[in-house]
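**Q** Please arrange chain Y on chain S, whose structure you already have, making use of the hints.
2 protein chains.
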Amino acid sequence: MTDHNPKLAKGPFDGLLVIDLTHVLNGPFGTQILADLGARVIKVEQPGHGDDTRLYGPFVNGESLYYSFTNRGKESIVLNLKDEADREIFFNMIKEADVLAENFRPGTMDKLGLSYDTLAKINPRLVYASSSGFGHTGPLANAPAYDTIIQAMSGIMMETGFVNGPATRVGTSLSDLCGGIYMFCGIASALYGRERTGQGTHVDVAMFDSTLAFLEHGLMNYVATGQSPERLGDRHPYMAPFDVFQTQDKHIAICCGNDALFAELCDALKIPELVSDERFSSNASRVKNQAELKAIIEQQLSQQNAAYWLDEIDKHRVPVAPLLGVAQAMELPQTKARNMLIDAGAVKVPGTPIKLSTYPDPTVRKGAPKLDENGTAIRQEFATAQKT
Amino acid sequence: MTDHNPKLAKGPFDGLLVIDLTHVLNGPFGTQILADLGARVIKVEQPGHGDDTRLYGPFVNGESLYYSFTNRGKESIVLNLKDEADREIFFNMIKEADVLAENFRPGTMDKLGLSYDTLAKINPRLVYASSSGFGHTGPLANAPAYDTIIQAMSGIMMETGFVNGPATRVGTSLSDLCGGIYMFCGIASALYGRERTGQGTHVDVAMFDSTLAFLEHGLMNYVATGQSPERLGDRHPYMAPFDVFQTQDKHIAICCGNDALFAELCDALKIPELVSDERFSSNASRVKNQAELKAIIEQQLSQQNAAYWLDEIDKHRVPVAPLLGVAQAMELPQTKARNMLIDAGAVKVPGTPIKLSTYPDPTVRKGAPKLDENGTAIRQEFATAQKT
Chain S
32 MTDHNPKLAK GPFDGLLVID LTHVLNGPFG TQILADLGAR VIKVEQPGHG DDTRLYGPFV
92 NGESLYYSFT NRGKESIVLN LKDEADREIF FNMIKEADVL AENFRPGTMD KLGLSYDTLA
152 KINPRLVYAS SSGFGHTGPL ANAPAYDTII QAMSGIMMET GFVNGPATRV GTSLSDLCGG
212 IYMFCGIASA LYGRERTGQG THVDVAMFDS TLAFLEHGLM NYVATGQSPE RLGDRHPYMA
272 PFDVFQTQDK HIAICCGNDA LFAELCDALK IPELVSDERF SSNASRVKNQ AELKAIIEQQ
332 LSQQNAAYWL DEIDKHRVPV APLLGVAQAM ELPQTKARNM LIDAGAVKVP GTPIKLSTYP
392 DPTVRKGAPK LDENGTAIRQ EFATAQKT
Chain Y
32 MTDHNPKLAK GPFDGLLVID LTHVLNGPFG TQILADLGAR VIKVEQPGHG DDTRLYGPFV
92 NGESLYYSFT NRGKESIVLN LKDEADREIF FNMIKEADVL AENFRPGTMD KLGLSYDTLA
152 KINPRLVYAS SSGFGHTGPL ANAPAYDTII QAMSGIMMET GFVNGPATRV GTSLSDLCGG
212 IYMFCGIASA LYGRERTGQG THVDVAMFDS TLAFLEHGLM NYVATGQSPE RLGDRHPYMA
272 PFDVFQTQDK HIAICCGNDA LFAELCDALK IPELVSDERF SSNASRVKNQ AELKAIIEQQ
332 LSQQNAAYWL DEIDKHRVPV APLLGVAQAM ELPQTKARNM LIDAGAVKVP GTPIKLSTYP
392 DPTVRKGAPK LDENGTAIRQ EFATAQKT
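Protein chains in written order, with the numbering used here: chain S, 32 to 419; chain Y, 32 to 419.
Isolated chain S (complex conformation) (with noise of 0.2 Å):
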């Protein structure tokens, strides 16, 4: 670990070493972070073509954005974890890392000589995380997980969509993302356990339970009745009117938490007899009523279009907002603001959502390694020569 001054730190990780062997999605957007908030991030990747992403489209400028987006920052070696000579630059990076990150299928680690008990003996200060898609206990530990599969057996892909509709992929890769942000979460929190006592840990991270962390009302639901609930469409489970509605032209979406918001709704759409009909008149008979309440609504607002609305409720000070799409979203004034797209090497890439104030939030950033660039120079700084 090299030295911290806070005054140049780019991050609260700043001289920490990773040596990250994960690969495709999961394990990767975990390391992303640590390398935003400042650790130095080694990707080690196989020989060949290195990550599988590297492949992936879509490519701009010569680079795969799917890289790109969760390895910029970063830097690569390749390296055959079979071959004595590669392996023995591999221990000594071991020996002075903080943190392995893996995300191989559970005993892949094992059948290289590089499980977490044989690491710790050589360092045990390391942090060693695994994400994996169902974790490295129980009977599913070595079942093959993608996204989709964990998002269609963790209950998350019946839980989205419209009662008399198909269940739905969460439109992005849900799963993934939050195995990811999970084995960063262990790996930060192992950190700060370390620095009182001395001693790293194994982070065992599944995609599954990560899911399951995140199924909220659903789960409320099951452990209420025993049942999994029906599909909900856009509307909220305990409030009314918390919907996505349609208007003249597009659809908006109106949340109601609470009376005085409600009777402003009722001010804005001229239907204020609604406040004391006693079918509307408290959130659990309006939830109670919402299909009849939603039917009012949009007949009401099937008279003006989106931009009217949105102004109008907003006026009311109604939570009210339009349905944009990614594009409409990253060009909002408020995501420039926030520095939520920013630039890294040839291409654009997410921003890191984590702002702290005593800590630089750039908008440019170091890209994503080519294949093996930093090869030579890792090479040489734990070559055993230097080490002894």
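Simulated from the structure, these hints should not be mistaken for laboratory data. Quick caveat, the model's predicted, so the values are computed rather than measured. You can take every hint at face value.
Copies of the same chain are indistinguishable here, so a pair counts whether it falls within one copy or spans any two.
Below, computed lysine to aspartate or glutamate pairings styled on DMTMM-like, alpha-carbon distance capped at 25 Å:
hint	residue 1	residue 2
1	K41	E226
2	K126	E226
3	K346	D290
4	K397	E412
5	K379	D392
6	K325	E295
7	K319	E94
8	K379	E261
9	K152	D392
10	K41	D148
11	K319	D83
12	K301	D290
13	K367	E261
14	K319	E261
15	K142	D345
16	K281	E295
17	K379	E94
18	K41	E127
19	K301	E323
**A** Showing chain Y alone in chain S's frame:
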């Protein structure tokens, strides 16, 4: 901070004091992770009914699951932050705290005289975490925000659903949960940085930014083309076949991440000729012709039921899964083996996905506190006479 004995530690944050002003879902979800990992979290609730979620259903054994899911293991004190005597208790707590967390609308803490600058003067080591809809900077900083508003404006809703169907809310409060977990990430990172600098930090996390960071392929598509992508239904943007398919009775998910798996699938489905068919011989051509390929696959699948195909395709080691409801997911032996549904007080709650080998992962945890349950004891502990 109390003494730390790793042998007895409940988690890496054991001994830390967290003052938790958060309410409803997003903030409490973040501070819950600190409590799960050993921190002492004192929830400061407003006079009256306390956190609004105490009034929300569903109720089990008289407890609100909405409240219990994100407040188990915390302590509760009611403080009126506009009352001088209560403010004195509060400031005494802040002097000893490691973390303050809040998710009021930006400006509210300033109006209460509890801004970061004010509290950092009292306790420069304080990690002060704010979670809000759009963050504390930018033109939308003061816009009202609920999960559905953020989902609507971030692009995630427009990404979710089928190409000829409506935009679809993710069937969980994704933006609340993303904001909460990124707030935890910011807190854990700032605590780690503080070990070296001795200095606290203001953590400013937005549900909006956090959701943008989860957009994945939709954002890649925007960076590559300047356009929002069309909705993809259940299929993967860059791989095929990688989708949900209809069998004779139910849907199943099948994921072929490479040519070898596709060949195995074709064997299982008894359509081996597809492997050499130029429409399907590479992943790129399969993605291009995915609709045609899906029709052929579903034609084969229609001859047997889901149970048959799950078994048959699994025999070929191709990733395949049933679509499970929340109830079925929670009743899997894997879920039990991983302690993902545990006892907390009188109710069941989700376990933590963060499994750390050097700390326990209990199956029974303390429940959520009753309103002001610890008020008397905490008032005594932090009374000014005690401190001088």
